[in-house]
Amino acid sequence: MDAIGIDIGGTKIAGAVVTELGEIVAEERVATEAGDSDAIVDAVVAMIESLAAGRDIGAAGVAAPGFIDAAQSIVYYTPNIPWRGEPLRDRLVERLDLDITIDNDANAAGWAEFRFGAGRLVSDMTMLTIGTGVGGAIVTRDQLFRGGFGAGAELGHMRVVPDGLPCGCGARGCIEQYGSGRALLRMANAIADVGGIGQALARARDQKGTLTGHDISALLVDNDPGALAALRELGHWLGQACASLSAVLDPQLFVFGGGVAVAGDLLLDPVREAYLAHLPARGYHPEPEFVIAELVNDAGVVGAADLARVHLGLR
1 MDAIGIDIGG TKIAGAVVTE LGEIVAEERV ATEAGDSDAI VDAVVAMIES LAAGRDIGAA
61 GVAAPGFIDA AQSIVYYTPN IPWRGEPLRD RLVERLDLDI TIDNDANAAG WAEFRFGAGR
121 LVSDMTMLTI GTGVGGAIVT RDQLFRGGFG AGAELGHMRV VPDGLPCGCG ARGCIEQYGS
181 GRALLRMANA IADVGGIGQA LARARDQKGT LTGHDISALL VDNDPGALAA LRELGHWLGQ
241 ACASLSAVLD PQLFVFGGGV AVAGDLLLDP VREAYLAHLP ARGYHPEPEF VIAELVNDAG
301 VVGAADLARV HLGLR
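Under our numbering, read the sequence shown as residues 1 to 315, first letter to last.
Take these hints with a grain of salt, some might be off.
For lysine to any residue, the following SDA-like pairs were computed, each having C-alpha atoms within a straight-line distance of at most 25 Å [as the list claims (entries may be wrong)]:
(1) Lys12 <-> Val25
(2) Lys208 <-> Leu253
(3) Lys12 <-> Glu27
(4) Lys12 <-> Ala46
(5) Lys12 <-> Ala151
(6) Lys208 <-> Gly173
Everything labelled a hint here was simulated from the structure, so no lab data went into it.
Produce the complete structure using the sequences and hints provided.
Following this line, the structure appears as structure tokens:
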């Protein structure tokens, strides 16, 4: 059975028709009107109707940022969209003649990697999505972990530094402030400020008036010591976080997705090093693998579509 997957982001809404094998056979994208809840619902309805036209579609899954309730129906809270207790599933069901399920966007991406990507050969996987912030997904014993209220696996808000940097969630010291793309920019700017190995970073910043992720990526390709130092610092914090997660979750595999993960082993090498340095009972604890996600930009829609099948009991 083909299903539709919708991935609502802060800047765009992506949709696709996805087969049972995780293959995309049709897709659409539109800009997100992030400040207008009704406009977002209208856009999702229109996209599902368009993708379903002339096709035998059994269900649709919608991935949204933020906290989703355990019934996969209500969006408790979304940081960049004005949804607070939003009955998103009900609003869609009343306008569409399809089974609809709602899930967190990081959960959807993680599930796609587990079913069709880097995690398809294991039963227990933890995924960290390293973008502007840090997202997370947990699969344990072939099941997606959501928690008692549905809002679990917010791995970016695990605290790693007591009374550390303030986070947008209201707490301080979250891994999102030390292991995200935004954190990488802060670290690179600090290195640029002191000169030495940061000279190339400083020149790139001076040319544009600001340092961008693209600038850092280009310098990493050239093995620039300043950019590499910033990425190593980022990997150090992520590795510490993974060691703590291993003590609780014991995954066979850590998968890294998001824009920063395109650095590949340049990111994974310091992650592995810090992980081993902070792993409880090192030498006696089985060590997981660390890999880069395979599905990249398609993970959200592929995972949302497959979770719609799960909701129907077809997985």
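Hints breached by this structure: 2 and 6
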